[in-house]
Amino acid sequence: MISQVDTRPARGGVGESTYRPDGIPKVDGTYTYSSDLYMDKMLFGVTLRCPHPKATIIKLDIGPAVAMTGVHAVLTAADIPGENLFGLETPDQPILVGDQVEYEGQAVALVAADDPEIARRAVEAIEVEYQVQTPLTDPEAAEETDSVFHRVRCRRGPQDARGAVVVEGYYEVGMQDQAPLGTESGLAVPDGEGGVDLHIATQWTHTDRDQIVAGLGVADEAVRVHHAGVGGAFGAREDVSLQIHLCLLALYTDRPVKMEYSRAESFVGHVHRHPALIWMRHEADPDGTLRRIEAKIILDGGAYRSTSDSVIGNAVYHAAGPYRCDSVAVDGIAVRTNNPPCGAMRGFGAVQACFGHEAQMDKLADALGMDRIDFRIKNAVRQGDPLATSGQIIETSAPVVDLLERVRAMPLPTDLTGEDPRHLPGGTGLTTSLAEVSRGVGYAIGIKNLCFSAGFDDYAEARVVITPFGVEVHTAAVEVGQGLGEVCAQIARTALGIEDVVVFYDDTSQIGSAGSTSASRQTQMTGGAVLEAARMVRELALHRGGGDELDSEGVWRKGRLVTTMEDLLAHGNLEYHTRFHHPPTDQPDENGLGNLHVDWGFAVHRAVVDVDAELGLFRVVQVDTVQDVGYMINPRSVVGQIEGGTVQGIGLATLEEIVVKNGIIQNPTFTDYLLPTFLDAPPINVEVVEEPSAFGPFGAKGVGEPPTVSSTAAVVSAIRDATGLELNRTPVRPEHVALPGSPI
Amino acid sequence: MEVIHPTDLDEALAALAAHPEAVLLAGGTDLMVEVNFDQIRPEKVILLRRLAELQDVSRQRIGAGVTFRRLESGDHQALAQLARTIGSPQIRAAGTLGGNIGTASPAGDALPFLAGLDAEIELSSKDGTRRVRWDRFFLGVKQTALRPGELITAVILPTDLPDCQEFAKIGQRSAMVISIASACVFRWRDGRTRVAMGSVGPTPIRARQAEEMMSAESNPGPAALQEFARLVSEEVRPISDHRGTADYRRHASGVLARRLLERCLAK
Numbered sequence: 001m002i003s004q005v006d007t008r009p010a011r012g013g014v015g016e017s018t019y020r021p022d023g024i025p026k027v028d029g030t031y032t033y034s035s036d037l038y039m040d041k042m043l044f045g046v047t048l049r050c051p052h053p054k055a056t057i058i059k060l061d062i063g064p065a066v067a068m069t070g071v072h073a074v075l076t077a078a079d080i081p082g083e084n085l086f087g088l089e090t091p092d093q094p095i096l097v098g099d100q101v102e103y104e105g106q107a108v109a110l111v112a113a114d115d116p117e118i119a120r121r122a123v124e125a126i127e128v129e130y131q132v133q134t135p136l137t138d139p140e141a142a143e144e145t146d147s148v149f150h151r152v153r154c155r156r157g158p159q160d161a162r163g164a165v166v167v168e169g170y171y172e173v174g175m176q177d178q179a180p181l182g183t184e185s186g187l188a189v190p191d192g193e194g195g196v197d198l199h200i201a202t203q204w205t206h207t208d209r210d211q212i213v214a215g216l217g218v219a220d221e222a223v224r225v226h227h228a229g230v231g232g233a234f235g236a237r238e239d240v241s242l243q244i245h246l247c248l249l250a251l252y253t254d255r256p257v258k259m260e261y262s263r264a265e266s267f268v269g270h271v272h273r274h275p276a277l278i279w280m281r282h283e284a285d286p287d288g289t290l291r292r293i294e295a296k297i298i299l300d301g302g303a304y305r306s307t308s309d310s311v312i313g314n315a316v317y318h319a320a321g322p323y324r325c326d327s328v329a330v331d332g333i334a335v336r337t338n339n340p341p342c343g344a345m346r347g348f349g350a351v352q353a354c355f356g357h358e359a360q361m362d363k364l365a366d367a368l369g370m371d372r373i374d375f376r377i378k379n380a381v382r383q384g385d386p387l388a389t390s391g392q393i394i395e396t397s398a399p400v401v402d403l404l405e406r407v408r409a410m411p412l413p414t415d416l417t418g419e420d421p422r423h424l425p426g427g428t429g430l431t432t433s434l435a436e437v438s439r440g441v442g443y444a445i446g447i448k449n450l451c452f453s454a455g456f457d458d459y460a461e462a463r464v465v466i467t468p469f470g471v472e473v474h475t476a477a478v479e480v481g482q483g484l485g486e487v488c489a490q491i492a493r494t495a496l497g498i499e500d501v502v503v504f505y506d507d508t509s510q511i512g513s514a515g516s517t518s519a520s521r522q523t524q525m526t527g528g529a530v531l532e533a534a535r536m537v538r539e540l541a542l543h544r545g546g547g548d549e550l551d552s553e554g555v556w557r558k559g560r561l562v563t564t565m566e567d568l569l570a571h572g573n574l575e576y577h578t579r580f581h582h583p584p585t586d587q588p589d590e591n592g593l594g595n596l597h598v599d600w601g602f603a604v605h606r607a608v609v610d611v612d613a614e615l616g617l618f619r620v621v622q623v624d625t626v627q628d629v630g631y632m633i634n635p636r637s638v639v640g641q642i643e644g645g646t647v648q649g650i651g652l653a654t655l656e657e658i659v660v661k662n663g664i665i666q667n668p669t670f671t672d673y674l675l676p677t678f679l680d681a682p683p684i685n686v687e688v689v690e691e692p693s694a695f696g697p698f699g700a701k702g703v704g705e706p707p708t709v710s711s712t713a714a715v716v717s718a719i720r721d722a723t724g725l726e727l728n729r730t731p732v733r734p735e736h737v738a739l740p741g742s743p744i
Numbered sequence: 001m002e003v004i005h006p007t008d009l010d011e012a013l014a015a016l017a018a019h020p021e022a023v024l025l026a027g028g029t030d031l032m033v034e035v036n037f038d039q040i041r042p043e044k045v046i047l048l049r050r051l052a053e054l055q056d057v058s059r060q061r062i063g064a065g066v067t068f069r070r071l072e073s074g075d076h077q078a079l080a081q082l083a084r085t086i087g088s089p090q091i092r093a094a095g096t097l098g099g100n101i102g103t104a105s106p107a108g109d110a111l112p113f114l115a116g117l118d119a120e121i122e123l124s125s126k127d128g129t130r131r132v133r134w135d136r137f138f139l140g141v142k143q144t145a146l147r148p149g150e151l152i153t154a155v156i157l158p159t160d161l162p163d164c165q166e167f168a169k170i171g172q173r174s175a176m177v178i179s180i181a182s183a184c185v186f187r188w189r190d191g192r193t194r195v196a197m198g199s200v201g202p203t204p205i206r207a208r209q210a211e212e213m214m215s216a217e218s219n220p221g222p223a224a225l226q227e228f229a230r231l232v233s234e235e236v237r238p239i240s241d242h243r244g245t246a247d248y249r250r251h252a253s254g255v256l257a258r259r260l261l262e263r264c265l266a267k
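In order, the protein sequences belong to chains A and B.
With the first letter of the first sequence counted as 1, position 281 gets the number 281 in my numbering; the numbers rise by one all the way through.
With the first letter of the second sequence counted as 1, position 187 gets the number 187 in my numbering; the numbers rise by one all the way through.
None of these hints come from the bench; they were simulated from the model.
C-beta: ideal position from N, C-alpha, C; glycine also.
Heads up, some of the hints might be wrong.
As the list claims (entries may be wrong) - Which chain B residues stay away from chain A? Per the calculated CB distances, all over 12 Å, these:
#1 Pro20
#2 Glu21
#3 Glu166
#4 Arg230
#5 Leu260
What the hints assert, rightly or not - Computed cross-link-like contacts, DSBU-like style, restricted to lysine-lysine with a CA-CA straight-line distance of at most 35 Å:
#6 Lys142(B) with Lys661(A)
#7 Lys41(A) with Lys296(A)
#8 Lys41(A) with Lys44(B)
#9 Lys661(A) with Lys363(A)
#10 Lys59(A) with Lys41(A)
Construct the entire structure; sequences and hints are all you get.
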């Protein structure tokens, strides 16, 4: 068949706000999350956890649990066939505690039983005695006694540079939880040949697989990790939680085993955002030129290493913010304590740094008598500038000045909120009248590295196949709810000119790693891999079909269809598999300098907050934000990420903190770990700057983390503006405002 | 687990007499939390949802089975105000006044209202009915005068209702939050003033010195209002916990009481 119709671009390509295939099922409740998995004859796994932050196990008798009807397995450290260690970057944490407990909630034993209630009762029946020890919980004491995971030292430029105007500050950031709505859950299915298929809500199936096989003592091929429906992640699923436990139980019982954490268990079952202690000193010339930045940052890594080494590195390299300065000294210390382990969370060290540097920039502008935005613009990094910390020349787009100019130009709310109590501080509690409200405005801008850094070989695999039924995109990348799958489909549609694209989330045996869904990297990395594979498969099609254009009808030459799709695929599908690497980065030298990062994203926030200072209550009225996004492959998803990330930052500013006392979490429920409700989430006005990135598909940059980096700092700046208080700690609590000077 | 489904009050009281250890289930918004956290594993449960006798509302008598959803639009302003602060719409549709009283949490949102009005709790058993004033009913943290075999059937309010009633509650979030401190202020045209505080002691607290002082003020000025706030702050007995510090609760108690009184005076 020869057609005279011109080829046309496929609908649903890049730049369109197409609908995600998982969108409607997630809204109407038909989407299958990992917690919905079910198999006939499956068992339920439950974990015995130590209630003490530091203790030695002096007796562990599983006999009473083993004897219970309906119990199929009770496993302890002695039952682990491989190495009893796991860890995302360095294996240092026992899969099950042998004798020494290092944090509250550490896993001691596992039970699999016919139903969850029997399993819980069996866990209670295990007889365990602890010799309780005094936990180390003070991060400064940990540093002094060299209980340290990692120290990072950065020295750049002449160390004797000075400015006439100096400000100093001390800041604290509380421990935030990722609080994904889906708790940890999964289903492990033994294959009858000594192997296991694990279906799990995770962020990186291949590192899960690597840690599982080490614990099971089996070959890589024996374990296949499948990504199951993920109910949010935000970094909480990057570390192993129940993955190895599930596989141990499934192999021991030779039955499918399901586990699902309760919310309270989830709080001790995954790592959190590092709490931070930050000291900063900024010096400037009277004309506002930054001359010297000094900082010391202590992050509390908790009991095990997780990603603490990388997070403290990120905090150090972002400590100066997106500003020019040629004399910098930053010291970072990730300490080891008996507090809950901390690791990855959206922003990964940059959030803590931003809370400090933006407070300093406000203070310094005020001390100089300069407008806070003018001062930031004067010192903003431009493309071609060295980053103040590492000295790396920013060769990719860096529209920092543009972001600041644009956010300043966005309209402020003109009217005060009316008397509707829902729009006043205190909300439905009716605490506050309009007369008791003062309004503050705060700005903050942040910088976040995109993709993996510091010499890590960051890559993603993808396979693109043209079949008679449409295009298949294969990847091991995890869709955590951010919209990656649709982004991959849009890239394939545009690259191939074929509309019918389905994304397959392959297990670890079917394709190589896509890297973690973290570090804002998947659009650039897996998106980059899909684009590369799609372009190659298009070349194959054009070559085989003898033409210069491809669409769903087939191959065209000079506007005429020369090979139909049926003929093109007569001898089989066309496919291309690729491993996409981003440009290489270096490890830092002894002064912390070097080309450490491959790309950055920037975002600025302006927060308007109404404060009832007498009661210390506040309401975020409006947030305006401008973000550097490279290119929007799916504008709706970009805005969704910006809104969600901004609200997560508002949460850290006003509500969200895991309160830890003597190593024990005081508020492991959503009753007391308060997330913003709809009423607490203000209107968010979003603008973007689209300057193409150096290597992202169609110029796209990752957009997930930057909105979380600066929104916290902007909201707290606005509360300071409304109250005149220093407020050096986030989240701000009512007593910090109502009774300033009272102990934290 | 045995579940008993009485269809009227007599059946419920008979079941309760036969099984005084049974757990009562009305809205379940407190009970199911305890079950989900594995704090209790009830053997017998008596369901109260079908008891029409607990659903009546009049100006002086409010059935224990009335949900906060219904109370949101009731006669008593402060009761409606506090009802709107409780949980989410789903929780308000299930949770009942009687359940809030029976749980007797220090943070129970309805309790300051009852304390401020000197309400009586109506308790019924197979053997009859008695009324217990709030201060003899709430004995401590989650401790009440309820005897085995007794059911909370209603709240009895006085006939002399105040001319102004105001409620407010401090939580860190704009909605769906446990109170850090709450207050109910009542004022009559003749100046009589009552103030009851929640979440600042093991049971609701009446600030009686503050009441006495303010009841003597027919047209209180700023100094009197400030003294009123100071007395309220003195009379509460808060603790520090992960939701707030004792100092903040003490401070906020006085501020809330003063603001609510100002709202009454402005009317």
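**Prompt:** Can you give the numbers of the hints that this structure goes against, from lowest to highest?
**Reply:** 3, 5, 7
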